[in-house]
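Participant: Knowing the structure of chain A, use the given hints to seat chain B on it.
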Amino acid sequence: EAGVAQSPRYKIIEKRQSVAFWCNPISGHATLYWYQQILGQGPKLLIQFQNNGVVDDSQLPKDRFSAERLKGVDSTLKIQPAKLEDSAVYLCASSFQGGNQPQHFGDGTRLSIL
Amino acid sequence: GESVGLHLPTLSVQEGDNSIINCAYSNSASDYFIWYKQESGKGPQFIIDIRSNMDKRQGQRVTVLLNKTVKHLSLQIAATQPGDSAVYFCAETNYNQGGKLIFGQGTELSVKP
Numbered sequence: 001e002a003g004v005a006q007s008p009r010y011k012i013i014e015k016r017q018s019v020a021f022w023c024n025p026i027s028g029h030a031t032l033y034w035y036q037q038i039l040g041q042g043p044k045l046l047i048q049f050q051n052n053g054v055v056d057d058s059q060l061p062k063d064r065f066s067a068e069r070l071k072g073v074d075s076t077l078k079i080q081p082a083k084l085e086d087s088a089v090y091l092c093a094s095s096f097q098g099g100n101q102p103q104h105f106g107d108g109t110r111l112s113i114l
Numbered sequence: 001g002e003s004v005g006l007h008l009p010t011l012s013v014q015e016g017d018n019s020i021i022n023c024a025y026s027n028s029a030s031d032y033f034i035w036y037k038q039e040s041g042k043g044p045q046f047i048i049d050i051r052s053n054m055d056k057r058q059g060q061r062v063t064v065l066l067n068k069t070v071k072h073l074s075l076q077i078a079a080t081q082p083g084d085s086a087v088y089f090c091a092e093t094n095y096n097q098g099g100k101l102i103f104g105q106g107t108e109l110s111v112k113p
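From first to last, the protein sequence lines stand for chains A and B.
Position 63 (the first sequence) corresponds to 63 in our numbering; numbering is contiguous.
Position 40 (the second sequence) corresponds to 40 in our numbering; numbering is contiguous.
Chain A on its own, in the form it takes in the complex (with noise of 0.2 angstroms):
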């Protein structure tokens, strides 16, 4: 079974610019959610979907991030513009049907603000 699949795995950008990160979820599974990790912090979450419907994103900040997830399937999240703390790895899980399931985690990408 393929994992979860997230690109690109490096980004650089200079403050103020906008960057976007690609998420393919396992195959089948109808939750996913993008997670904000700071170093040496665990996971914080940012928004989960059900389907390409929004659950929660209580913790997303909505005057510069955006996330889609149009058909259900795979997802984007976008960020515009950058702030220096927005350097972090955004990771992306997908669980089977959300609730009190384990969630699969992407290697994340890793993004660096100068």
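Don't read these hints as lab results, they were simulated from the structure.
Remember, it's a predicted structure, so these values are computed and weren't measured experimentally.
One should not assume that every hint holds.
[Said to hold, decoys possible] When the alpha-carbon atoms are kept at most 27 angstroms apart in a straight line, the in silico BS3-like pairs for lysine-lysine are as follows: (1) A/K15 to B/K42; (2) A/K78 to A/K62; (3) B/K100 to A/K83; (4) A/K44 to B/K100; (5) A/K11 to B/K42; (6) B/K42 to A/K44.
[What the hints assert, rightly or not] Here are some, though not all, of the chain B residues that point toward chain A, as calculated from beta-carbon distances under 8 angstroms: (7) Y32; (8) D49; (9) Q105.
Glycine included, every Cβ here is placed at the ideal spot set by N, Cα and C.
Facilitator: Same frame as chain A, now just chain B:
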């Protein structure tokens, strides 16, 4: 507020010894817990999970213990190997949160050959 924390940020063990990684959680409503292993440059890897209706669950070389009375979770790794060196996170949630995981800070496990 919600939080999941770890007692020890670093743990160093000898190869072949057993390792115990501890975690305290503060939300008494949490009913599902997961341990993840994260190696450098990789995403968290699922190790084992446990639901609140259990107090112990065993996997291959790993055992998770849940003590709801004191809101404590532990991960035991038997016969620790160099490949076990990584950061270990506990995470908690409850069904009403739809799967939103709250992660702790992490414990770095270092295995000495």
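Participant: Next step is simple, just say for each hint if it's right about the structure.
Facilitator: Evaluated hints:
For the proposed pair A/K15 and B/K42, the alpha carbon gap of about 25 angstroms is at most 27 angstroms, so the pair holds. Pair hint A/K78 plus A/K62 holds up; C-alpha atoms about 10 angstroms apart against a cutoff of 27 angstroms. With a CA separation close to 25 angstroms, the supplied pair B/K100 and A/K83 stays within the 27 angstroms bound. Taken as a hint, the A/K44 and B/K100 pair is honoured in the structure, with Cα atoms around 9 angstroms apart against an allowance of 27 angstroms.
Proximity of A/K11 to B/K42 is assessed by CA-CA distance (about 15 angstroms); at most 27 angstroms being required, the pair is judged to hold. Between B/K42 and A/K44 the CA atoms are separated by roughly 16 angstroms; this keeps the pair inside 27 angstroms, and the hint holds. Residue-level restraint check for B/Y32 holds (minimum Cβ-Cβ distance to chain A is 4 angstroms; threshold 8 angstroms). Checking B/D49 against chain A: minimum C-beta separation of about 6 angstroms stays under 8 angstroms; hint holds.
Interface restraint check: B/Q105 against chain A, minimum CB-CB distance 6 angstroms, threshold 8 angstroms, status holds.
Consistency note: the structure conflicts with none of the earlier hints.
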